Structures are given as structure tokens and as C-alpha cells.
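K.L.:
Here are the chains, one letter per residue:
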Amino acid sequence: MPRAEPFGKMLVMRFGVVVFPGTWSDCDFHYVISEVLHQPVKYVWHRDRDLHDLDCVILPGGFSYGDYLRAGAIAGRSPVVDALRDFVAQGGSVLGSCNGFQILCEAGLLPGALTRNECLQYRCQSTHLVVDNADTPFTRGLRPGTVLTMPISHGEGKYYADPETLRELKARSGIVFRYAAADGRVTKAANPNGSLENIAGIVNPEGNVLGLMPHPERAAESAMGGTDGLLLFQSLLGSLVEDGSFLKR
Amino acid sequence: MTGAEPKVTLDLARESGLTADEYDRILTRLGREPTYTELGLFSALWSEHCAYKHSRILLGRLPTQGARVLQGPGENAGAIDIGDGWAVVFKMESHNHPSFIEPFQGAATGVGGILRDIFTMGARPIALLDSLRFGDPSDSKTRHLVTGVVSGISWYGNCFGCPTVGGEIAFAPEYAGNPLVNVMCLGLVRADQILRARAEGVGNPVFYVGNKTGRDGIHGATMASATFDEHAEERRPTVQVGDPFTEKLLLEACLEAMRTGAVVGIQDMGAAGLACCTSEMPARAGTGMDVDLSCVPQREVAMTPYEILLSESQERMLLVVAHGREEEIKRIFAKWELDAVEIGRVTAGGTLTARRGGQVVAHVPVDLLADGPKYTKSIARPAWQDEVERFDPLTLPEPPDYAAALIELCGSPTIASKEWTCRQYDQQVGTNTLVLPGSDAAVLRVKGTRRALAVATDGNGRQVFLDPRRGAAMAVCEAARNVSCAGGEPVGLTDCMNFGSPERPEILWQFSEAIEGIAESCRALEIPVVGGNVSFYNETSGRAILPTPIIGVVGLLEDAERRATQWFKGAGHRVALLGPESVSLGGSEYLWSRYRRLAGRLAPLDLELERRVQAAVRAVVRAGLATAAHDCSEGGVAVALVECCVTGREPVGCEATLGAGDRADLVLFGEGPSRVLITVEAPRVREFEGLMAESAIPWRWIGTTGGARLTLRVGTTTLVDTAVDRVERAWRSGFERHLA
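First to last, the sequence lines map onto chains A and B. To convert, note that position 129 of the first sequence is 129 in the numbering used here; the numbers rise steadily by one, no gaps. To convert, note that position 422 of the second sequence is 422 in the numbering used here; the numbers rise steadily by one, no gaps.
Derived by calculation from the structure, the hints in this document are not laboratory data. Please read all numbers here as calculations on a predicted model, not as lab measurements. Each residue gets a CB set at the ideal place from its N, CA and C atoms; glycine is no exception. Careful, some of the hints might be misleading.
Derived lysine-lysine pairs resembling DSSO-like cross-links, with alpha carbons at most 30 Å apart [said to hold, decoys possible]:
#: 1; chain 1: A; residue 1: K170; chain 2: A; residue 2: K188
#: 2; chain 1: B; residue 1: K374; chain 2: B; residue 2: K7
#: 3; chain 1: A; residue 1: K42; chain 2: B; residue 2: K447
#: 4; chain 1: B; residue 1: K335; chain 2: B; residue 2: K212
#: 5; chain 1: B; residue 1: K447; chain 2: B; residue 2: K569
#: 6; chain 1: B; residue 1: K335; chain 2: A; residue 2: K42
#: 7; chain 1: B; residue 1: K7; chain 2: B; residue 2: K212
#: 8; chain 1: B; residue 1: K418; chain 2: A; residue 2: K188
#: 9; chain 1: B; residue 1: K330; chain 2: A; residue 2: K42
#: 10; chain 1: B; residue 1: K447; chain 2: B; residue 2: K418
#: 11; chain 1: B; residue 1: K569; chain 2: B; residue 2: K418
#: 12; chain 1: B; residue 1: K418; chain 2: B; residue 2: K141
Derived DEER-like restraints, expressed as beta-carbon distance ranges [to be verified]:
#: 13; chain 1: A; residue 1: K42; chain 2: B; residue 2: R543; range: 52 to 62 Å
#: 14; chain 1: B; residue 1: L691; chain 2: A; residue 2: R70; range: 52 to 62 Å
#: 15; chain 1: A; residue 1: L120; chain 2: B; residue 2: V241; range: 16 to 26 Å
#: 16; chain 1: A; residue 1: R143; chain 2: B; residue 2: A696; range: 48 to 58 Å
#: 17; chain 1: A; residue 1: A182; chain 2: B; residue 2: R450; range: 28 to 38 Å
#: 18; chain 1: A; residue 1: G108; chain 2: B; residue 2: R299; range: 28 to 38 Å
#: 19; chain 1: B; residue 1: D192; chain 2: A; residue 2: A182; range: 45 to 55 Å
#: 20; chain 1: B; residue 1: R737; chain 2: A; residue 2: L120; range: 14 to 24 Å
Start from the sequences, fold in the hints, and give me the full structure.
P.N.:
Here it is, written out as C-alpha cells:
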């Protein structure tokens, strides 16, 4: 697999944004990657298995295949997600947001499950996230305890894992983001969907697969009310030149 | 013809909703009795819902021309040129009747229908707004309807992936048996790539695409053309069932197909389904159509031609494709896993021929179907008008405690925060929403340009009930004022006219007056009406709703950066009130929520002043002088000030002094047009005063922002002095307290 290289002073990372029937954050991610970050990006159709020319695959938000079964259940078994297993094993990065996080859990690429919001309603609102683990390629530019602001928009975002999985997740610092108050305190009131331990985002043991319910692509321009979402991408791009741990392939 | 079909008689025609005269007209033109299938076609296409029988002549009074108009009324939606090669396509439609019978699916398919109206024009939908009206919140049925409608909208819009960015919700007992669900949608398309619902080109193939046809929604259009009685819920089978996922696929497949240039014309199979498309599309183009119903994809067995033609199954379109390019279209729809089946051809001769296999089941001139009867029925000013106008609200007692009265008003379900609904809607997908719900107008950027669109809906049934002409004119002004407050220049308007039965002279009078009022305002403000919808028969057991025209206005911001929102941004900003002093308690929210009275006269409306006020507001916003701009509407200037204090991220207090002379409740809570609050930072006060001097409108400084208290004086008397937090709590919790 070819690897991304710093190109002169420019960092170049090749992104692919997966499109399932029913995906709707695909264009928003594409826009941020090409117009804000100025990185090469292309769409990847759900039937494609060829990911060889990509460094980072985005699984965006939406209702893949209508999500009439469980959110992400069908997409988790689609050709492109099947191909993702090899891609991940070879060290490629995957960022799943919203429906993408649900798909990663359904595919077993991340542990746990996302279930119906505790309020039994859809929730679209701004949330604060406190960074628990700043030692992932997606959060390297941040510090533990940093508070980010990003919107959520989902009906099934209540994270659940059985006690053993949760213990394991915590033991390896797999929890990356938790819903918090503006000052970073993790409180019940700051939890918009009833997620276990306010979990908003987790990472796999190798650190190259991140799933989160919030939408970083909606917080990537000041015109849209904030740029905290960009910090994830910038951390990822920074990984190209830092200790190289991200590029172990 | 099919042997099992009932024999067509006048009685059967009557049962199908046609009058003896209408049936006679069909006999004369056909020169024979219609078949059962043909009778079904007439029943649906000549229903009020499709044919606008009682409204079309009156609607002709609305101004529809303008330099920016690319498409006026008569197509799936209107289109306005917004520069840089882009057009905005928009329309509003009602789904009132289905939403009462089955609120979740009724509202959901209302969203689905309006989305299709937009993307059939070739536009990608970028925003939805919902205007909802319900009965008294204390009624448990209302709670059921609100919950169902809001979750239906949320489900469909969110799954499809179009943000819901605005709208309004109001409550009045007159809507108890007949809630209003009006949905507006906006889309963007390159101005030279707008598609139309015309079956051009004899010999071109006709494609059926999208969902399969079932028995759902048969005679939905006819249902929407009758009043309700106590058996309304028995009509549940006529409500369609939505599938937002299929709609999303249909959107992507249609837009991709259109980009090839192989699509000649396209129409949504909405009301009256395939019957409507196969007659309206050729009628617009002066052609005919020959279709084989046995080719139509079906999901139920043994459907009759009648059922196939009249089914209102959702998420279906009819395409006319350039001859020879069929394979390209099939390939695209196959990619999106949707049916795309050639069911017939465009023909010369102006006739719709529907076959089943070799057998002709309908053979009717398309112009006869598409151009239904038009009526000018008698109009009479209702007897109740004099009595309601005679009432003087100032004969009621003044509130003993103004702070308590204000807090109560802010917690009334119509005024209170609608966050409970908004947070169930995706407001940002597409990353265009620069101003989210909660300000006067939503603002959406147009990517790739500096421009943005401001959009707002408005309508006040109480005011229209008291004075249909002025009330409707004021609704136009208010929607346009909301857009102006955001910094947008109003460029186009769509309306949804919700009224009772037009067969009653006093209802038709309300309608006629309201049209006149809308036309007057549109002429004065130079806003063309480019489309809309009429919903009559909003009555249950003989009781009509409040006459409710809902107005949607789209405005253009040349520079998206030069926009304003309604909330105070910080301490020490000066607060100005632009516009006239004259207000009235007649028809006000205060009069209703405190005294349960719907009576009195409306404040005067000076359209020339309205125009100047809006121009001044836009000039101030464009100059970057306004740190906030907010229209004064329900609840008067007092509630407008509260909204400025509490709708931002952090509450900001203020003190304001309003002119003496009138009774204090009139000054604080009285409602009237052409009034806007603007805040200006101290260093820019002189610049602002200069602009005001040029604008030739009445205005005055009324106070200053800052602190944690809200202090309101009338003359030298302090009437309200309370912690902003307290008012905010009432405003934030009011809606849920009444409904959730």
C-alpha cells in the first residue's frame, strides 16, 4: 500500500468519503476536506472494494440503506466496509461520524453499540466534548481535558457496551470524547442521549479507527459557528510528520 | 373495457364528488358516458385540491411578474434568479387533512411531497420550514397531534437529509378539529438548468421511476376537498405512507439523470398520482400521452386501472426522456436501485390514452382533464364582522402587575421557545445554515458565492379573522420584514391559503379579501408571488378554522457576512425602535392569552411606510451597524425586547423607556406592523443616526442593553423590573409545560 508523504512543506493526505444509499454528510465532509483543508478527496461508492489509493476513509452521517433495521446494520455488512478491514489492518485511518460510528460498531471495527436516544427523540443540538485521550492520530493536536464544541444530529446515539467491554475500553484509554458541560465537567445534564459514561467517541486498540456521534464537518468553518471540528483533521495531518506511529505500515 | 367495473351514472358521479353540471360537461365533451376509470380521473383532477375550482379566478389577482422571476405559478414550484448563475426554487404546500387523520404519516408525506416539487425542477433541496397550527394545548388530542406531526416532520426530513431551518407554531381553539401543516422547501439549481413538467416531443418515451404503486392514498385529493365530520378518522386508509430513504435515492437518481441532459420533462406523482402527471404534462405542452398501465411497477396484486391511475403512493415520478437515450436513464436508476420503466410515449393529438395490455381503459382529451371547471361563487361579508370590530379591548381591566403579565405572556405556547420541536430537526445538514432557527429569519449561504438567502414564514389567523384584507397584507409585510431584519432583500413569495369551505359565501369573502390584501402588499413591496397552494374545506362539523394565509418570503443577501440576528450581543448597545407608534390590542396574543378574547380592530397599515422601514433596516444591516435586529410581532414591543434578551447564547438584560400617552398594556403588548428593534454599538451611533435621517421614517432611541435585569418604563413609570433569568425560564419552559 502506498503511503502518504509530506510533499515539500505541504501535507498531503488522500481522503475517501464513502457514499451509501441514504448517506447525507458525504458532501459536507467532501467540502471541508477540499475547500477548507485543501486535501485531495474523492467519493467511494458503497459497492467499491478498492481503497488502495487512500490514506483516510470517512464514513459520514446519514441513514445508510434507510437504517430501517438497526442504524448501520446493513452498511456494516456492505462491500466497502468489508474492504475496510484490510485497509485498517494495514494501518489506514478511518473516521466514522454519526451513522459512520454506528456502522463501525455494527461491523465490529469498534466495540459496543449505539442504541436509541434515552429521550426517544431525535436530537440536533450543539454539544461540548471533553478530550479524554489525546494520544490518538485524531487528537494528537489536543490536550486531555480540552473542551470542544460540535453539534450532534441523531436518533440512535446512546452508546452501550457490556461491563467487560467497558473495562477493557477504559483500560486501554479507548474513550476519546465524552459529552461535558462547557467547563469540561462530565455531568448527566450534559449527556444529550443517555450514553454510557457520557461516551461520545471511541478509538480502536491500534488507534487508527475513530468513531464519534458528533459532526466535526459541521464545526469546520467560523461561518458555521465554530472550527473545533477542524482540530481532528489537523491532528490527523500532523501525524504525517510527527513520530510516524500513525504510518506503521 | 373491464367487465367488472360499475356502470357509470349521475349518482355514481355525485358520489365521486362531481356535480350534475360537471358530469354534464363531461358527457357533452366526450359525446358518451365515461368509463369507470375515466370517471375516476375526472373525480380526482376536478377536485378542488387539483383544479382550484373556487380559487383560480381570484388567484389571478396576485402579482407574479418581476425582473428576477424565472418561473412563476403553474409549475411544480417557482424560481427566482439570485445571480452568479444560480436560481432559488421554492414552494409551500399544505398537508392539513392527512395530518389530522394520521399526524405522523400525514406530516411526513407533506414533507416528502414538497421536497419532490423542488427537485423535479432540477434543484437540490437546501432547507425546509414548517408552519403549524393546532387547537388548545390543554386538549389531549392537541398533544397527540403536536407530537405526531413534529415527529413525522423530523423523521422524514432528517432521514432524507434536508435541514429544517424555521417556521412557526401557533395555537387557537379554531384549529382543534383541523390542524394546519404547511411545509415550505427551498432548493438551488443553476438558472439555465431548470426543468419543467412538460411532455414535449412527440415520440419521446415516458418513464415511470421510483417507488412501486400500491393502493395507498387513493382519492387523497378528493378527501382534501371535503370537510370533516366525526367519522374523519375512518378515512385513515386514504393517508399515504412515506419512505424518506426511497425519496433520497429518487433525489440523487433524478439529479444525476438530469445532468445527462436526457430528461425532457418531469413531474412528481403527488395528488391524483399518475392520473395527474399523464394529463397535466401533455396539457402544458399541447401534446398527448399513450401509456400502458400493465407496465407500471406494482406492489399489490390485482390492482385495477382505476387504482393504478389514482394511487397516491409516495416517492414516484414521471419522466419524459429524449428518444434514443433510454439506456442512460435506465443505467442511472439501476445504480440507485430504483425502478425505471418505460410505460408509454408522448403522442400528438392532445389525448390521454391509458391501456391495460391491449385494452383501452381511458381515452380522454388532456385539456379537459387538466383544465377543470372554474367558479365564481357568491361572496358575502360575514355577519360577525361588525360585532368583532366593535369591541374595544381597553374596556378590559389593566393588569395589576405588569411583570407578572409579561412573564405569563412569554410562557404562552404560541410565544414560548420552540426548542422542543427544533432540536428534533436536523438544522445543519448541507452546512449552509448560517442562522439557525430562533431568529427572525433563517439564513443559508450559497456555496461558491458571497451570497446568502434569508427565509421566513408567517401568518396570523386571528388578525386575518378580524380583518382578512389587512390581516393578510400584514402577514406578507411581517414575513418580508423578518427577511429584511436578517439583511435580505425580499425577492419572491409563496403562500399557502388555508380556509374553510369555499361553498360558504362568508368563507369565500375571507378568501377574496385575503387575496386582495396579499396582492396590495406584494405590489407595494415589489415581491412577486411565484407559487403556492390553496387548502379549502378546513372545517370540522361545520366549524371553520381561522382564515390562515401562510406567507413564505425568500430574501437575497448579496454579502452573507452582512447579516443580522435578533438577540442582544452584549452590554452597552443602544436600542432603537423603528416604525410607527400606532399599535392595537385587537387580535393580539395578549388579548387572547390573558382575556380569551378574539375581537377588536387591527392597527393601521401604511404600506409605503412599511417599504421604507424595511429598506432602512436592510441599509443598517448592510452597513454593518446593527448588532441585532428584531421585528415586533406577537406580544408587542415588550415581548420583542424579551426575545432579544433571551434568545442568544447568554441572556443579556436591558432597560427601555417607551412613550407615554396610551394605556401601558397597549404600549407594551399592542401589536402593529412596520416596527423593528435595532441595537447599535456606542461608537457607531452617529453613523446610524445619519442613515435614519436619510430614510425618512419615524424612529426613536428607547434604551440600552446590559446587566441581568429587564426594566421597562412607560413614560416615567417603571412597570417591569425583573431578573432576565426569570423571564427566560418562563419563555424556555412554556411550550413543554403546555404540551410535553
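K.L.:
Hint by hint, say whether it matches the structure.
P.N.:
Each hint, compared with the structure:
1. A/K170 / A/K188: holds, 19 Å
2. B/K374 / B/K7: holds, 27 Å
3. A/K42 / B/K447: Answer holds: A/K42 to B/K447 is near 19 Å, not above 30 Å.
4. B/K335 / B/K212: Within the cut-off at roughly 17 Å; holds.
5. B/K447 / B/K569: This hinted pair holds, its Cα atoms lying about 27 Å apart.
6. B/K335 / A/K42: holds, 18 Å
7. B/K7 / B/K212: holds, 29 Å
8. B/K418 / A/K188: holds, 23 Å
9. B/K330 / A/K42: holds, 25 Å
10. B/K447 / B/K418: Given pair B/K447, B/K418 holds - Cα atoms ~29 Å apart, limit 30 Å.
11. B/K569 / B/K418: Given pair B/K569, B/K418 holds - Cα atoms ~21 Å apart, limit 30 Å.
12. B/K418 / B/K141: holds, 19 Å
13. A/K42 / B/R543: 52 to 62 Å: Holds, since A/K42 and B/R543 (Cβ atoms, about 59 Å apart) stay within the stated range.
14. B/L691 / A/R70: 52 to 62 Å: Holds - the Cβ-Cβ distance for B/L691 and A/R70, about 57 Å, lies within 52 to 62 Å.
15. A/L120 / B/V241: 16 to 26 Å: holds, 21 Å
16. A/R143 / B/A696: 48 to 58 Å: With Cβ atoms ~57 Å apart, the hint holds.
17. A/A182 / B/R450: 28 to 38 Å: With a Cβ separation near 33 Å, A/A182 and B/R450 satisfy 28 to 38 Å, so the hint holds.
18. A/G108 / B/R299: 28 to 38 Å: Given about 34 Å between the Cβ atoms, the range holds.
19. B/D192 / A/A182: 45 to 55 Å: holds, 48 Å
20. B/R737 / A/L120: 14 to 24 Å: For A/L120 against B/R737, whose Cβ atoms are near 19 Å apart, the range 14 to 24 Å holds.
Violated hints are absent here; each numbered hint is respected by the structure.
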